[in-house]
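Under the numbering used here, residues 370 to 806 are what the sequence shown spells out, in order.
Be careful, since some hints might not be right.
What the hints assert, rightly or not - Only pairs whose alpha carbons sit at most 30 Å apart, straight line, appear in this in silico DSBU-like list of lysine-lysine:
id	residue 1	residue 2
1	K513	K418
2	K556	K612
3	K513	K604
4	K418	K604
5	K556	K513
6	K687	K612
In case anyone wonders, no lab produced these hints; they're calculated from the structure.
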Amino acid sequence: MNAVEFQGVSKSYAIYDAPGDRLKELLSLNRLKRHQDFWALHDVSFEVKRGETFCIVGENGSGKSTLLQMVAGILHPTSGTVGIHGRVSALLELGAGFNPEFSGRDNVYLNGSILGLTTRQIDQRYQDIAAFAEIGAFIDQPVKTYSSGMVVRLAFAVAINVDPEILLVDEALAVGDIYFRQRCMRKVHELRQRGITILFVSHAVSDVKAIGDRVLWLDHGRMIDCGEPDRVVSKYLAAMTEKDSTYLLLKSSADPQPRRGGPMLAPEVVETIPNIDHRFGDGRAEIIGIAVLDEQGRNQPILEPSTRILVRISVRAKGDVALPIVGFMLRNQLGMDFSGTNTAREGYELAPLQPGDVTTVDFYLDLPELYPASFSFSPAIADGTLMGYQMCDWIDNAITLQMGRSEAQVYGYLHLPCRVEVNARIRTERQLESHLG
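With the hints as constraints, model all of the structure from the sequences given.
What follows is the structure, given as structure tokens:
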């Protein structure tokens, strides 16, 4: 049996132009409609398996919070069916479920009781809750005196310590400081290993990729896609990039001067793309090849720590590109954007491109000592500036290489260059007395 099931679920809200219209509609003998229907969700169907971490992405107003509130039982669908199988613990809106006049301690017991725990069961969990929240003596003060960060600390501590079978997290962790967010993410990983079903809403796509088993993408209440995290997140980011590019696009005020003669070709051209996971852009220019080489231009079968590599990207213009930007994104084995750069970021201005022009850009990188994992390169070409551009072509994970092992241990993701100095040796009191005597 699945933990959560949505079958053709839609949710509508009545929107009135004026407060009095609600009463007029209610008292109207002929039931004259005085409102407009706003559909927060429209015909959404999916299932979440037991023990699965199911992430939901989408713009603000896409219906993510409405969906989670239905799972929590706060809202009911206008049409369709919602099936929930298991005890639900929810971390939704900041402070939701807390009485601001009660102390933190009182709210712990209140929330536990609402979730079906006895006083003895809450007593057994209270110290763990207080220890995770780390708000000290404030736990005996009214919640209305808490900062937003303190509220989310206590709310998350309660949510994870009431033995939930289904945990809902709706972007609340964004309020917390980096230390607390890291602790929360470690706890989420722990809950995953224990087989807890998690529905996780976040705008932090790196978190989504790191913990998600599947991802649902909502847009204006409709399900756009649902499936494997890398694929869905890539499509979502592509759509957001296109939208942002359109909004911020800055074009050169002067039209490029016409050029005599035929198209210009680069002396070094790469025409091999080993892999294409996903590709998007307006098509005015295209990536025709990418290669990772050593300084002498030889292919690199493996990345070696503490060496210099050459990332070569060739592009071809199919239309006019007034302000071309060529670059790439480096991703680690978890699909997280690890590092990236482009010609504009590095202060190199490329000449305008006209149809048929081919150009090759070389990026020389000094690799640090990185953890021995696989890394992928995603090349791109855009038209515009760093503040606003139109994506012409982007290829997800065009080439992937394994990082070789460093001679010394790498702790974490990378080893930063470091110089160690000892300022002085502290003498013991006995040595000092001997020296003075």
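Proposed proximity, K612 with K687 (alpha carbon, max 30 Å)
holds, 22 Å
Given the hinted pair K556 and K513, is their Cα-Cα distance within 30 Å?
holds, 27 Å
Pairwise hint evaluation, K612 against K556, where the allowed Cα distance is 30 Å at most:
Judged against 30 Å, a Cα distance of about 34 Å means the pair is violated.
Distance restraint between K513 and K604, which requires alpha-carbon spacing of 30 Å or less:
Violated, because 41 Å separates the two Cα atoms, which is more than 30 Å.
Are the Cα positions of K513 and K418 separated by 30 Å at most?
At roughly 38 Å apart (the allowed maximum being 30 Å), K418 and K513 break the hint.
Is K418 within 30 Å of K604, Cα to Cα?
Holds - the C-alpha atoms of K604 and K418 are around 23 Å apart, at most 30 Å.
When each numbered hint is compared with the structure, violations occur for hints 1, 2, 3.
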